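These are the residues of each chain, in order.
There are 2 protein chains.
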Amino acid sequence: MTTLPVCYQKLLKRMREVNLLNTTTSILEWDQDTYMPHAASAYRAEQLAYLGGRAHRLFTAGAVAELLAECEQQGFAPDSAEGANVREWRRHYDRAVRLPASFVVRFGRAKSLSYEAWREARKQSNFKLFKPHFSKIVALVRQKADYLGYEASPYDALLEAYEPGARTEPIAQLFAELRPAIVAILGPALERSASLPKDLLQGTYPVAAQQAFNRRVAEAMGFDFTAGRIDTTTHPFCSTLGVGDCRLTTRYREEDFTDSLYSILHEAGHGLYEQGLPPAHFGMPAGAAVSMGIHESQSRLWENHVGRSLSFWEYWLPIACEYFPNLKQFTAAQVNAAVNRVRLSFIRVDADQVTYDLHIMLRFDIELKLVTGQLGVPDVPAYWNEQFEQMSGLKVTKDSDGCLQDVHWAGGGIGYFPTYTLGNLNAAQLMQKARQENPALEGELKGGHYQTLLAWLRQKIYQEGSRYRPRELMERVTGESTSIRHHLEHLRGKLAEG
Amino acid sequence: MTTLPVCYQKLLKRMREVNLLNTTTSILEWDQDTYMPHAASAYRAEQLAYLGGRAHRLFTAGAVAELLAECEQQGFAPDSAEGANVREWRRHYDRAVRLPASFVVRFGRAKSLSYEAWREARKQSNFKLFKPHFSKIVALVRQKADYLGYEASPYDALLEAYEPGARTEPIAQLFAELRPAIVAILGPALERSASLPKDLLQGTYPVAAQQAFNRRVAEAMGFDFTAGRIDTTTHPFCSTLGVGDCRLTTRYREEDFTDSLYSILHEAGHGLYEQGLPPAHFGMPAGAAVSMGIHESQSRLWENHVGRSLSFWEYWLPIACEYFPNLKQFTAAQVNAAVNRVRLSFIRVDADQVTYDLHIMLRFDIELKLVTGQLGVPDVPAYWNEQFEQMSGLKVTKDSDGCLQDVHWAGGGIGYFPTYTLGNLNAAQLMQKARQENPALEGELKGGHYQTLLAWLRQKIYQEGSRYRPRELMERVTGESTSIRHHLEHLRGKLAEG
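First to last, the sequence lines map onto chains A and B.
For what it's worth, the numbering used here labels the leading residue of the first sequence as 556, then goes sequentially.
For what it's worth, the numbering used here labels the leading residue of the second sequence as 556, then goes sequentially.
Each pair may be met inside one copy or between any two copies, as identical chains are not told apart.
25 angstroms max Cα-Cα, derived DMTMM-like pairs, lysine to aspartate or glutamate:
1) Lys950 - Asp905
2) Lys883 - Glu869
3) Lys565 - Glu601
4) Lys678 - Asp779
Calculated from the structure, these hints are not laboratory results.
A quick note: this is a predicted structure, and the numbers were derived from the prediction, not measured.
Just chain A, same shape as in the assembly (with noise of 0.2 angstroms):
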C-alpha cells in the first residue's frame, strides 16, 4: 500500500472532523423526532444550530481549498476512493463556501422551529400555524438557489444536493413521459382493484407483535440489529448516526398492521444499502450513498419489488400468521391484492405504486412555482387542493390530508420530491437486471432467502459509495441510464397477473 499525499491526509483529518459534527447532528436530529420533550425544542434548535455552523466554518476554511487544489495535481485515478473523494468534496466545496456561515446558522435555526411548527400544525390540521415558518423556509431556499447559482432554474440548484447532476429540464420530460403512461395503467387498475373489498385485511394488530414481526421480516432482509434499531415517529425515516449505527423509524396503527411493516421494509432497505457502505470510508464521499434517486431506488426495491409480490407473501403469510391470528382466513393470493389495492387516496406515504408518482408530481409541480415565484406560500394550500382534486377527483377538506402531510418542506427539504420517482424507475431498472444476471433469484425469493438478492446489491450498489456519478451508476449496473420502462412494465405485470 503506498503511502496517500500529506495534503490528502490533511484534508481527510479535516473531512473526518467534519462528519463528527454532521453525525453528531444526526444524533441530536433523531433524538428531536424520537424522544425529545417538546419544551427542549427552542435551545435544541440552538444546538443544531451550532453543530451546523461550526462543521461549514470548518469544511468552507480558506486551507480546505488549497488543500483540495493540491489535491487535484495529485492524478488520483477517477475511479479510485481517492478519486471520487476529492472530485465530491470539490463539488460540495464549490458549493458551501457561496453559502455565508451567517446564512447556514439562520437557515438551521429556521429549519428547527419549522419543524416544531409543522408537527403541530399537522396534529391540527391548522396551515396558519405553520404559514409563517413555511414562508420563512421558502424565502430563504430561495436565497440559498441565488447564493449556489444556476443555470436554466434556481430549482436546478436545490436538486443538485440531492442528485448529483440532475436537471429540472430532463426530470420535467421524464415526469410528462410518465404521467399520460401512468393515467393510462391507473384506469384498469382502479377497475380491478374496485373488485377487491375494502379494507379487507383491517383487524386488531397489537403494537408489540407488529413490532415482533416488522424485526423478524427486517433481520431476514438482512438488517443489522447489533448496529441498528427501530423507533417510533409521526414519519418513518432511516437515519446513520455514526459506524454501526443506523436508526430506522416507524408508525403504528393497530387496525392496519401493513402500514408499519411496508414503511419497515422501506426503510430497511435505505439502512441495508447505509450499512454495505464501505465502513473505511465511512462518512466520506467513497463510503457515501451516491444519491437519493439511488437510495429511493434500494427502499422501494425492496418494499414493492421484494414485497409487494406474491413469492413474499407465499414465505411469510404463514408466519405472520402466528403473530396476527387474523390473517388465518387469508390466502397469499388475496393479502398480495390486498397490499397491492390501487385507489385514489389523499397521503403520499399511503399511495399505492400506480398513483404514487402523480403526488409527486403534484409536489413538484409546487415546489417548481414557490421557488420561481409564480405561487405565493398562503395560496399553497388553494393549489394544493384544486390541483389535487383535478388529479384524483377527491376534495381536500383538512391540510393535514393536504399540504401538510409531508415533513420535507418544514425541514427545508425543497427539492427532494423527484428523487422518490427517480427511485421508482431506478428500483424496477435494478430488479429486472438483478433477475437477469440472476436466474435463480424468483426461486430464493418464494423461499424467503435474499442473500443473493442482498449480496448483489452490495456488490453493484453498495460497496461502490460515490465512486461514479448517479447516471454514470446506473448505466455501469444496468446498461443504460435511468429510464420510464422497467416501472411500466412492472406495473402492467402486476396488472396482468391476476
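Put chain B on the given structure of chain A with help from the hints.
Frame of chain A, contents of chain B only:
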C-alpha cells in the same frame, strides 16, 4: 438594568458555546445509555472525545484567562449572578488548564470504551473483561490528580470536582464518627426487621403498570413531563440535555415495583432540582447545581424522607392498588415497614437507609487506596470481598454483586461516592429545617400535596444555583454546616416508630 461590562459579555458568550458542546455531549451519553446499538460504541467514543476535547480547548483558551482577569477587576458582588459566575469559572478554569487537551481526549475515549466493557463485564460477572479498562482509568485518574495538584491528598483533587471545597480528611473524620453510630443503630434495626416477612411485597407488577404509577407519583411531586421524560437503563440516572430537557431513567423488576418506584422518587428529586434552577442562567454557575452532595440531598429527601414514610403510603396505597391489585392485601403501615426493612445486602442501590452509608465507606476506602497506590486494580475484587464480609458477614460469590455493581469507576468518576453520604446527611438536615419552617408540612405530605415542600426547596436551594458554596448554602439555609446529627435522629426516629 445596567449593561454588563464587555469583558463579561464576551466571557458569557464563550461559556455559552462551551455549554452547547457540553449539553451535546450529554445527549450522546444519554443515547449511549438508553438506545444506542452495541456496534456503535467505538465511533461514539470518537464523537464524545471530539466534543469533550473541543469544549476543553475553548474553555482553556488564553482569551478566557484574559477575560477572567478583567472580569475579576469589575467588583461584582460575590452573591450576584455575575459574581458567582466569575468565581466558579475561575475555579473551573484553574483546574481545567492544568489538564492538557490531549489528556482530556485520551480520558474521554478511555471512559467511553471502559463503560462498554463494564456493561459486558457486569452482565457476565467477569471482572477480567473490565480489569484492563479499570487499570487504565485508575492510572488516568491518578495522573489527573497530579495534573490538578493538591495539598494533603491526591483524593482532594478528585473530590473537588464533585464537592467544591470538601477535603478528604474532614470527610474521613465525618465517616469515622458516623460509622459506629450506624453500627449502634444497625443491631436493633436488624432485630426489628427480622420479624418482618422477607419479600413481603413480592408479586407480579407489569412494567407498563409500574411506568404509569411512577409517572403519576413524579407528576404529583411536580416533575414537568413537558420538559422531561423517563427511559430505561441498567443504572438509573438524571441528566439535563438542554433547556427544558431533563431525562430520568430507571429499570424495572416485574416481581418488585418498589425498585423502580424509589429509583424514580430519587431521580425525580434530582430532576426537580434541575428543573428548578434559574433558566436565565442555564448552564452557567449561577444556573447550575452547586455540588453533588447538595444534588444528592434532593434525591434522598424525596426518596427517603418523603417516599419512605407512613404519610406517603397512607396517601398513595389506595392509588397504587389501582395499578397493582396485589397490594390490596396490605395496610399502609405494612407497606411502609416493608420499604424500610433493614438488612445487610450486596447491592448499594438496593440498600436501606441504615446500611447504605456502610457501602459508601467501603468504596471511599478502596478509592482512597487506589488513588494513593496502596491497592492495585487486580486486587480490588479480593479486597472488596474481604472487607465486605468483615462489614456484613456476607460472602460475595460473584463480582456483579461486588466491585462490578456500580457504574462510577467505569465512567472515571472516582471521588464521587462520598457525596452520596453527604447527600444523606444534608437531606435529613434540610428536611428537619423544612418541617421547622413549615409547620403545616406534615399534614400536606399526608394528603399527597408537595407544593409547599417544593416551593421551599425552590426558594432555598434550586433558585440559588451556585451563588453560594455548598457549605455556605447549608449554613445559610439550616444554620450549620453538614452534620451527622439530623440523619441519625431520623434513623433513630424510624426505629422508634413502631
